[in-house]
Amino acid sequence: MSVFSLRDIRKSFNGNAILKGVSLEAEAGEFIALVGPSGCGKSTLLRIVAGLDHADSGEIRIGDREMSQLTAADRNIAMVFQSYALYPHLTAGQNIAVPLAMRKLTGMQRLPFIGSLLPGQRQVCADIQRQVQTMAVSLKIDHLLDRKPGQMSGGQRQRVALARAMVRNPSVFLMDEPLSNLDANLRVHARGEIVDLHRRAGVPTLYVTHDQSEALSMADRVAVMIGGNLLQLAAPQTIYDDPSHIEVARFIGQPRINLLPGKKDAHGIVQFGALRLASPSDAVSDASVTLGVRPEFVRLRAEGQGALAARVERLEFLGSEVIVFAKLAAIGETMLAKVIPGEVRGLVAGQAIGLDMDPAHVMLFAEDGRRLPATPVSAVLRETARG
Amino acid sequence: MTQTLTLGRFFRLSLLSLGALMFLAPYIFMVSTAGKDQSEIFSASLSLIPQHFAYMANFTKALTRVSMQNLLLNGVIVCGLILVLQVVVAVPCAYALAKLKFGAARFMMALVMLGLLVPIHATALPLYVAFDKLSLLNSYTALVAPFSISVFGIFLFLQFFRAMPDDLIHAARLDGMSEAGIVARVIVPNAWPAVTAFAIFSVVAHWNDLFWPLIVVTNQSYATPPLGLLFFRAAEAGDDYGALMAATLIITLPLVIAFLLAQKRFVEGITMTGLKG
Ligand SMILES: Nc1ncnc2c1ncn2[C@@H]1O[C@H](COP(=O)(O)OP(=O)(O)OP(=O)(O)O)[C@@H](O)[C@H]1O
Ligand SMILES: [Mg+2]
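These protein sequence lines are chains A and B, in that order.
The first sequence maps to residues 1 to 387 in the UniProt record's numbering.
The second sequence maps to residues 1 to 277 in the UniProt record's numbering.
Derived from the structure by calculation, the hints contain no laboratory data.
Any given hint could turn out to be false.
Straight-line distance between alpha carbons at most 25 angstroms, and here's what the computed SDA-like set of lysine to any residue pairs gives [said to hold, decoys possible]:
| no. | chain 1 | residue 1 | chain 2 | residue 2 |
| --- | --- | --- | --- | --- |
| 1 | A | Lys263 | A | Gln237 |
| 2 | A | Lys20 | A | Glu247 |
| 3 | B | Lys99 | A | Asp56 |
| 4 | A | Lys104 | A | Leu90 |
| 5 | A | Lys148 | B | Gly176 |
| 6 | A | Lys148 | B | Pro189 |
| 7 | B | Lys99 | A | Ser279 |
| 8 | A | Lys338 | A | Glu193 |
| 9 | B | Lys133 | B | Asn219 |
| 10 | B | Lys101 | A | Glu247 |
| 11 | B | Lys101 | A | Lys338 |
| 12 | B | Lys99 | A | Lys263 |
| 13 | B | Lys99 | A | Ala17 |
| 14 | B | Lys99 | A | Glu247 |
| 15 | A | Lys327 | A | Leu259 |
| 16 | B | Lys264 | A | Pro88 |
| 17 | B | Lys101 | A | Gln69 |
| 18 | B | Lys101 | A | Asp74 |
| 19 | A | Lys148 | B | Lys101 |
| 20 | A | Lys148 | B | Asn219 |
| 21 | B | Lys99 | A | Leu90 |
| 22 | B | Lys264 | A | Leu90 |
| 23 | B | Lys99 | A | Asp74 |
| 24 | A | Lys20 | B | Lys101 |
| 25 | A | Lys104 | A | Gln133 |
| 26 | A | Lys148 | B | Glu179 |
| 27 | A | Lys104 | B | Lys133 |
| 28 | A | Lys104 | B | Asp167 |
| 29 | B | Lys101 | A | Ser12 |
| 30 | A | Lys148 | A | Ser171 |
| 31 | A | Lys104 | B | Glu179 |
| 32 | B | Lys101 | B | Ile120 |
| 33 | B | Lys101 | A | Lys263 |
| 34 | B | Lys101 | A | Gln133 |
| 35 | B | Lys101 | A | Leu52 |
| 36 | A | Lys104 | B | Gly181 |
| 37 | A | Lys148 | B | Arg162 |
Here are a few chain B residues that sit away from chain A, every Cβ distance over 12 angstroms (derived from the structure) [to be verified]:
| no. | residue |
| --- | --- |
| 38 | Leu72 |
| 39 | Ile77 |
| 40 | Ala104 |
All values derive from a computational prediction rather than experimental measurement.
Even glycine gets a Cβ: it sits at the ideal position worked out from N, Cα and C.
Chain A with its partners taken away, still in its complex shape:
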C-alpha cells in the first residue's frame, strides 16, 4: 500500500498551466527524486504538497487521509528549503526547537516570562532540549547549537535545516534542492549523509533536484518531470536504460544521448545507414521517427567500415574516458561516442572514420516523443528463418 500519493495535481498561474496532471505514489520509506529542468514546476509541486499553495485540482493523500483541505501545519510534512530558511534571529539550537515548541507547548506556555511560570512548562522544555540535543548529535552539529545562522557555513546551515525538519518525526519529508548551495566536494559528501539519514528515519521522501547525477545516485525511484508533466517514474537504472519518452532520454545522461532523424517504411522498418530496425506497429508508412543511442554504445571503426561515415570534429578527454565528437557525412549531425582513451590513440580532428551503433541499444521514438518498440532486423530475419 502506498503511504503517500498524489493524483492528477493541476495548477496554473494566470492562465499558464504549470502542472498538467501530476500523479505519483510512494511506498513506505521510499526515497523518490524529482528531477526536471529549471522552471518545470518542481518547487510548485512541493509547495502544493506541503500545503503552502493550493492546487487547482487533484488529490493528496498521506496514509488514508486526504490532505488537500488541511493547513500546512496540520499535514505534519517537513520541508528543507533551497535557501534553508533558518530563522536569522535564533541560534541553531532555537531553530531546531521551534517546530517542537510550536507543537508541544500551548499558546500560553510559549509567552515570554509568563510561560515559564505555568505548571508543566519546565518539564516540556527540558524534553525539547533533550530531543534537540539528540538530533544535533546524530547530525554532528552539537558544537554549533549556540551559533546564529549568519555565523555558520553553508554546509552547517544545511545540516541545521535538516535537523529542524527531522526533529519532529514528519510523515513525509520534502527537500527542495537542499544541496545546490554547496560546493562540489561537500555536495557529494552531503548526498551520502542524506541517504543515510533517510535510511535511519524511514520517512518517505520527495527530493527535488535539477542535478540528474544527484537523482540517479540517491533515489530508490526517479521521477522525471518536464514541462509540467511527470513523464516517467522508475528506478534509476530503468530511467537511464529504458526511457519511456524522448524528453526523458534527452534530459538524463551525461554526455547527452545521440538523437538522429529517421523514417519508417510501410513494413515498419527503419533504416539508418547500414542499420535496420523493425518496429512493429500499425503506424502509417513514412512516419518520422527519432533514433536514440547513448554515446557509450557508439563504436569507432576505421574509415570505410561501420554503418555510418563520419569525420572527427574534436576530442574531449575526461580522464577514464574520451568523448569523440564526429560529424556524420550523410546528414551533418554531430554524434558523440564515449570510448576508453586507448581507442583514440592517433585520432586527430578532421580525420574520416566509420561509426557503428550497438543495435540492441538503439531506441526508437515516435514523432510525439513516445517510445516505440524496436528490434534489430538481422535478429528478426534470423528468427523468421528459424521459424
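Once you've looked at the hints, dock chain B with the ligands against the given chain A.
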C-alpha cells in the same frame, strides 16, 4: 585617514562646513541667548558669548514658571503611545500587503498610496469637530488617536518586508505558526532596523508637532512641549527671550541626546530600509 589636502578637497570641506554652520547657527544662537540677561539681549551689540552668564537665572525661570516636568512627561506619553500604536497597526498591515495574497490587496495598496498624499491639515477640521462632539478635546486620546494609523509606517515596513524571503515564512507555517505568530516571532525580530528608523521619524515628528496639539489642547496639563512653549511665552508676557530660549533648550535636549545615543542604529536603520533585508 591621512589624505592630503588638495585644492578640490579643501573646497569641498569648506562648502560642507559652511552648510553645517548655516544649519547649526540658529541652535548656537539659541544656546547663546539662553545665557544672556534681558538687557544684553536687547542691546545693540551682538556677541555669541554672553557678557554676564545668566544661565542659572534663565534656567531657573524656565523650570519654575511652567511645569517643565509635566510638559516633558506629556511629550513622552504622547510620543510613546503614538509610536506603539503605529507599530502595532502598521506591522500586521504591511505584512498582509507584502506577503499574503487576497483579493483587495491591490485596492488597499492604492489606498495606502492615497493616504500618503493627504496631509493632516486637510483632515484637521473634521477631526476637530468629531473630537468636540465626543467631548474628547483636551485629552491624550485627542492627541494620539489621529496618528495611530501611519500610512507612512505601513509603506516603510511594506518595502522592508517585501525583501524578506518567502521561504522563511513558508518554513514558519510548516513549523506550525499562525499568521499572528509569524508576525510576532519571525517578522518583527528581523525587522528591528526598520522599526528603529520608523521610531525616529515618528518620535521626531510628534515631539516637535505644534499644529495638532494647538488645535485640540487648551488645557495646560495636556500640553506637549512645543505647545508648552507657547503657554510659557504667554505667561512671560512674551519678551523674556533668555528664559524662553532656556526652556526651548530643555525641550530639544532629550531628542538631541537620544539621537546621539542611537546615532549608529539610526544610520543603520536608514540604510537597511534601502537595501534588501
Ligand atoms: N507565484 C507564481 N506566480 C506566477 N508564476 C509562478 C509562480 N510560482 C511559480 N511560477 C512559475 O511556475 C513555473 C515553475 O516554477 P517552479 O518554481 O516550480 O520551477 P522549478 O521547477 O522549481 O525550477 P527551479 O529548478 O529553477 O527551482 C515557472 O515558470 C515560474 O515562473
Ligand atoms: Mg525550484
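A quick look at each hint next to the structure:
Proximity of A:Lys263 to A:Gln237 is assessed by CA-CA distance (about 29 angstroms); at most 25 angstroms being required, the pair is judged violated. Taken as a hint, the A:Lys20 and A:Glu247 pair is honoured in the structure, with Cα atoms around 16 angstroms apart against an allowance of 25 angstroms. For the given pair, B:Lys99 sits about 21 angstroms from A:Asp56 by alpha-carbon distance, which is consistent with the 25 angstroms threshold. Annotation: proposed proximity of A:Lys104 to A:Leu90 holds, straight-line Cα distance about 19 angstroms (limit 25 angstroms).
Taken as a hint, the A:Lys148 and B:Gly176 pair is honoured in the structure, with Cα atoms around 21 angstroms apart against an allowance of 25 angstroms. This hinted pair checks out: A:Lys148 and B:Pro189 have alpha carbons roughly 13 angstroms apart, not beyond 25 angstroms. Between B:Lys99 and A:Ser279, the direct Cα distance comes to roughly 55 angstroms. Violation of the 25 angstroms bound is thereby established for this hinted pair. This hinted pair does not check out: A:Lys338 and A:Glu193 have alpha carbons roughly 31 angstroms apart, beyond 25 angstroms.
Taking the CA atoms of B:Lys133 and B:Asn219, the gap is near 18 angstroms; set against the 25 angstroms cutoff, the hint holds. For the hint linking B:Lys101 to A:Glu247, the alpha-carbon distance of about 35 angstroms lies beyond 25 angstroms, and the restraint is violated. Distance restraint check for B:Lys101 and A:Lys338: the Cα-Cα separation of roughly 51 angstroms exceeds the 25 angstroms cut-off, and the hinted pair is therefore not satisfied. For the hint linking B:Lys99 to A:Lys263, the alpha-carbon distance of about 54 angstroms lies beyond 25 angstroms, and the restraint is violated.
Taking the CA atoms of B:Lys99 and A:Ala17, the gap is about 23 angstroms. The hint holds against a cut of 25 angstroms. The hinted pair formed by B:Lys99 and A:Glu247 fails the criterion: a straight-line CA distance of about 36 angstroms is larger than 25 angstroms. Of the supplied pair hints, the one linking A:Lys327 and A:Leu259 holds, its CA atoms being roughly 13 angstroms apart against a limit of 25 angstroms. A distance of roughly 21 angstroms separates the Cα atoms of B:Lys264 and A:Pro88; the hinted pair therefore holds under the 25 angstroms criterion.
Our distance criterion of 25 angstroms between C-alpha atoms is met by B:Lys101 and A:Gln69, whose separation comes to about 18 angstroms. Of the supplied pair hints, the one linking B:Lys101 and A:Asp74 holds, its CA atoms being roughly 21 angstroms apart against a limit of 25 angstroms. The straight-line distance between the Cα atoms of A:Lys148 and B:Lys101 is roughly 31 angstroms, outside the 25 angstroms bound, and the hint therefore fails. The straight-line distance between the Cα atoms of A:Lys148 and B:Asn219 is roughly 52 angstroms, outside the 25 angstroms bound, and the hint therefore fails.
Only pairs whose Cα atoms come within 25 angstroms are accepted, and B:Lys99 paired with A:Leu90 is accepted, the gap being roughly 21 angstroms. The straight-line distance between the Cα atoms of B:Lys264 and A:Leu90 is roughly 23 angstroms, inside the 25 angstroms bound, and the hint therefore holds. With a C-alpha separation of about 21 angstroms, the suggested pairing of B:Lys99 with A:Asp74 holds against the 25 angstroms cut-off. Our distance criterion of 25 angstroms between C-alpha atoms is met by A:Lys20 and B:Lys101, whose separation comes to about 23 angstroms.
Taking the CA atoms of A:Lys104 and A:Gln133, the gap is near 17 angstroms; set against the 25 angstroms cutoff, the hint holds. Of the pairs offered as hints, the one joining A:Lys148 and B:Glu179 holds, with about 24 angstroms between alpha carbons and a cut-off of 25 angstroms not exceeded. Straight-line distance between C-alpha atoms of A:Lys104 and B:Lys133 comes to about 51 angstroms, which puts the hinted pair past the 25 angstroms bound. This hinted pair checks out: A:Lys104 and B:Asp167 have alpha carbons roughly 23 angstroms apart, not beyond 25 angstroms.
Between B:Lys101 and A:Ser12 the alpha-carbon distance is near 16 angstroms, which keeps this suggested pair within the 25 angstroms criterion. This hinted pair does not check out: A:Lys148 and A:Ser171 have alpha carbons roughly 28 angstroms apart, beyond 25 angstroms. With a C-alpha separation of about 18 angstroms, the suggested pairing of A:Lys104 with B:Glu179 holds against the 25 angstroms cut-off. Distance restraint check for B:Lys101 and B:Ile120: the Cα-Cα separation of roughly 31 angstroms exceeds the 25 angstroms cut-off, and the hinted pair is therefore not satisfied.
For the proposed pair B:Lys101 and A:Lys263, the alpha carbon gap of about 52 angstroms is over 25 angstroms, so the pair is violated. Note on B:Lys101 and A:Gln133: the hinted pairing is violated, with a Cα-Cα distance of about 38 angstroms set against a maximum of 25 angstroms. The suggested pairing of B:Lys101 with A:Leu52 holds, with an alpha-carbon distance near 12 angstroms, which does not exceed 25 angstroms. A distance of roughly 15 angstroms separates the Cα atoms of A:Lys104 and B:Gly181; the hinted pair therefore holds under the 25 angstroms criterion.
A hinted pair counts as satisfied when its Cα atoms are at most 25 angstroms apart, and A:Lys148 with B:Arg162 qualifies at roughly 23 angstroms. For B:Leu72, the non-interface assignment is confirmed: its Cβ lies about 30 angstroms from the closest Cβ of chain A, beyond the 12 angstroms cut-off. The Cβ of B:Ile77 sits about 24 angstroms from the closest Cβ of chain A, beyond the 12 angstroms cut-off, so the non-interface label holds. The beta carbon of B:Ala104 sits about 18 angstroms from the closest Cβ of chain A, which is more than 12 angstroms, so the claim that it is off the interface holds.
Hint compliance for this structure: hints 1, 7, 8, 10, 11, 12, 14, 19, 20, 27, 30, 32, 33 and 34 are broken, all remaining hints hold.
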